[in-house]
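Chains A and B are the protein sequences, given in the same order. Numbering of the first sequence is given in the numbering used here, commencing with residue 529 and proceeding in unit increments. Numbering of the second sequence is given in the numbering used here, commencing with residue 626 and proceeding in unit increments.
Don't take each hint at face value.
Claimed, not checked - Listed next, with one range per pair, are the computed distances between beta-carbon atoms:
(1) A:M705 with B:L813: 19 to 27 Å
(2) A:E591 with B:P721: 32 to 40 Å
(3) A:R622 with B:Q834: 36 to 44 Å
(4) B:P767 with A:E605: 18 to 26 Å
(5) A:R606 with B:E890: 46 to 54 Å
To be verified - Subject to a maximum C-alpha distance of 25 Å in a straight line, what follows is the list of computed PhoX-like cross-link-like pairs (lysine-lysine):
(6) B:K851 with B:K837
(7) A:K582 with A:K601
(8) A:K646 with A:K769
(9) A:K531 with B:K628
(10) A:K625 with A:K646
(11) A:K538 with B:K628
(12) B:K746 with B:K842
(13) A:K601 with B:K628
(14) B:K837 with B:K743
Said to hold, decoys possible - Some chain B residues near chain A, calculated using beta-carbon distances under 7 Å:
(15) C715
(16) P718
(17) H741
(18) G769
(19) Y780
The hints are simulated quantities; they were obtained by calculation from the structure and are not laboratory data. Computed from a prediction, not measured in an experiment: that's the story for all the values here. Built from N, CA and C at the ideal position, the CB exists for glycine as well.
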Amino acid sequence: MIKRLIAGGKYFLGLHSPGRNVRVFPDDIFLVSYPKSGNTWTRFLIANLVYPEKNPDFSNINELLPDPEAMSKRDLERARRPRILKSHQYFDPRYQKVIYIVRDPRDVVLSEYYFDIKRRAIAEDYPKQEFVSRFVRGELNHPYGTWFENAATWFYARRGDPRFLLVKYEALQSQAMEEMARIAGFLGISAAPPRLASAIEQSSADRMRELEKKQAHLWSSTRETRQDKPFVRSAKAGGWKAELSESSVAEIESAWGGLMREMGYEFAASNLVDAGMEHAGIENL
Amino acid sequence: MIKHLIAGIQRGLGLHRPGRSLLILPDDIFLVSFPKSGNTWTRFLLANLRFPNEPATWANINRLIPDPTGTAKRDFDRLPRPRIIKSHECFDPRYPRVIYIVRDPRDVVLSQYHYHRKIRKLDDESPLEQFVTRFLAGETCPHGSWGQNVATWLYTSEASPRFLLLRYEDLVADTARELTKVATFLQLTAAPEQIALAVERSSADRMRQMEKKQTDKNDLVKGSRKDLSFVRAAGSGGWRSELPAPMVARIEAAWGPLMQRLRYELSTQAPKEARDYEAQGILSGRHL
Numbered sequence: 529m530i531k532r533l534i535a536g537g538k539y540f541l542g543l544h545s546p547g548r549n550v551r552v553f554p555d556d557i558f559l560v561s562y563p564k565s566g567n568t569w570t571r572f573l574i575a576n577l578v579y580p581e582k583n584p585d586f587s588n589i590n591e592l593l594p595d596p597e598a599m600s601k602r603d604l605e606r607a608r609r610p611r612i613l614k615s616h617q618y619f620d621p622r623y624q625k626v627i628y629i630v631r632d633p634r635d636v637v638l639s640e641y642y643f644d645i646k647r648r649a650i651a652e653d654y655p656k657q658e659f660v661s662r663f664v665r666g667e668l669n670h671p672y673g674t675w676f677e678n679a680a681t682w683f684y685a686r687r688g689d690p691r692f693l694l695v696k697y698e699a700l701q702s703q704a705m706e707e708m709a710r711i712a713g714f715l716g717i718s719a720a721p722p723r724l725a726s727a728i729e730q731s732s733a734d735r736m737r738e739l740e741k742k743q744a745h746l747w748s749s750t751r752e753t754r755q756d757k758p759f760v761r762s763a764k765a766g767g768w769k770a771e772l773s774e775s776s777v778a779e780i781e782s783a784w785g786g787l788m789r790e791m792g793y794e795f796a797a798s799n800l801v802d803a804g805m806e807h808a809g810i811e812n813l
Numbered sequence: 626m627i628k629h630l631i632a633g634i635q636r637g638l639g640l641h642r643p644g645r646s647l648l649i650l651p652d653d654i655f656l657v658s659f660p661k662s663g664n665t666w667t668r669f670l671l672a673n674l675r676f677p678n679e680p681a682t683w684a685n686i687n688r689l690i691p692d693p694t695g696t697a698k699r700d701f702d703r704l705p706r707p708r709i710i711k712s713h714e715c716f717d718p719r720y721p722r723v724i725y726i727v728r729d730p731r732d733v734v735l736s737q738y739h740y741h742r743k744i745r746k747l748d749d750e751s752p753l754e755q756f757v758t759r760f761l762a763g764e765t766c767p768h769g770s771w772g773q774n775v776a777t778w779l780y781t782s783e784a785s786p787r788f789l790l791l792r793y794e795d796l797v798a799d800t801a802r803e804l805t806k807v808a809t810f811l812q813l814t815a816a817p818e819q820i821a822l823a824v825e826r827s828s829a830d831r832m833r834q835m836e837k838k839q840t841d842k843n844d845l846v847k848g849s850r851k852d853l854s855f856v857r858a859a860g861s862g863g864w865r866s867e868l869p870a871p872m873v874a875r876i877e878a879a880w881g882p883l884m885q886r887l888r889y890e891l892s893t894q895a896p897k898e899a900r901d902y903e904a905q906g907i908l909s910g911r912h913l
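Kindly generate the complete structure, drawing on both the sequences and the hints.
As structure tokens, then:
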């Protein structure tokens, strides 16, 4: 009862986090991705590109690129316009200008696995095989749908739209300058190569690791998690090749092969190419 | 302040409309479509099939097949399970089972244009061409564009056993056959006579007659122009005579591949993208 009263009072004052119900302004830009797909890294890249004078770090990233799940409704509505908002939501028709980051689901599942250990959602010895199955079935403890549902809704609803920019995490890794130039262009920022290079340098995995060591207690996503596990982990593509079992790889590829292929992710289980097309989406809904 | 107080009391009594915060139950079934795609008609069909002892009317339809944005929370809690719930939302991973109705966008745009005249969002002089532009941009309702709404459901769920795709045009052509499909999907035992009764009770004529008498009993039509009817042509293919060719071409250019995938024949040449995707076998319409 008291709890509900407090919640009601907070709601009244606009102190609650609106999440998916965030009020959208016509000039908003959204940085969207499935969780563990490089969203935080891209937030730093963009913050360092757009607001270099603010010295972006974990203490102010939520203010610079606001997060509707971690910030109060009041602060969100007071944020400087145009806002660049972070989001993990599946397709939302209200979002107009969208940067969507997509990452190989075989790496996403590993990243999510280690993050769930860090935030004590699973034990350190939780079987990976089982985790992958839950990931494919959409049974992880968050409201963003499966990787497939999240990526497919954005990709098929918005591809070809000039107000939609698809960025691959892997391309951001391998050709950061080119991808940052695309992002800057999309944001309407004329940025010379030195400015791009500086934003990339300021957001390097090493620098983010250093910041994390000092500031983990200042940021909503790391505050109450295990401090013996890093948030910024390997920051690389392709870790699944060494860490996922063959059957886990096959499970992901046969569930979501069609979309993975459209996104340009090559299959390990090459004999499954056709099966993957047939089964794309079967596990969903 | 007073407004907040009233809202608070309404909430306490369960009189508020739950909207997105509706508590979804694991056996819920959602009847989803883009607006103006036959959702209300299908709601009548399903209500008449599910509740044969209480023929569906404009006055009770919101209670029988509730709408999270139009029905009080209390009425949701009182419904027998499994509930059948109306929705116009784009893909939502929380919906456990979904019946999705799709309709030819060239007819949808006309239907929505007429509906907006009826509810006084548009006046009679409002040019159709301007409406088509806004329709293509997804600006005529809060549920995305036709292409976005359909794509988010189709590409994610088409192959799922918990998803049933209905074409409005098939429903018009053979209502009993399509309703039987729905009954099977819902695991309702329905004898041909029961299907026939539900179809009869949901006929366009009957819905028109009831609309005349009950127009102020339903939010869809309440306070709208009395000289225009909510239940309009109730047919398919009206666009061939009513929608000027350049507007047809714009719709086909925007959504050609998706329309072809749904077996809506294009009157203009397929846009290049459509042919490319077909060549790659991506839009081969395998499941259709």
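Results for each hint:
1. A:M705 with B:L813: 19 to 27 Å: Violated - the Cβ-Cβ distance for A:M705 and B:L813, about 60 Å, lies outside 19 to 27 Å.
2. A:E591 with B:P721: 32 to 40 Å: holds (38 Å)
3. A:R622 with B:Q834: 36 to 44 Å: holds (38 Å)
4. B:P767 with A:E605: 18 to 26 Å: Check passed, 20 Å falls within 18 to 26 Å.
5. A:R606 with B:E890: 46 to 54 Å: holds (52 Å)
6. B:K851 with B:K837: Holds, at roughly 8 Å.
7. A:K582 with A:K601: holds (23 Å)
8. A:K646 with A:K769: Within the cut-off at roughly 22 Å; holds.
9. A:K531 with B:K628: holds (23 Å)
10. A:K625 with A:K646: Distance of about 33 Å is beyond 25 Å: violated.
11. A:K538 with B:K628: holds (17 Å)
12. B:K746 with B:K842: holds (20 Å)
13. A:K601 with B:K628: Judged against 25 Å, a Cα distance of about 20 Å means the pair holds.
14. B:K837 with B:K743: Within the cut-off at roughly 14 Å; holds.
15. C715: Nearest chain A Cβ about 5 Å off; hint holds.
16. P718: Constraint on B:P718 satisfied, holds at 4 Å.
17. H741: violated (18 Å)
18. G769: Interface hint status for B:G769: holds (3 Å vs cutoff 7 Å).
19. Y780: holds (4 Å)
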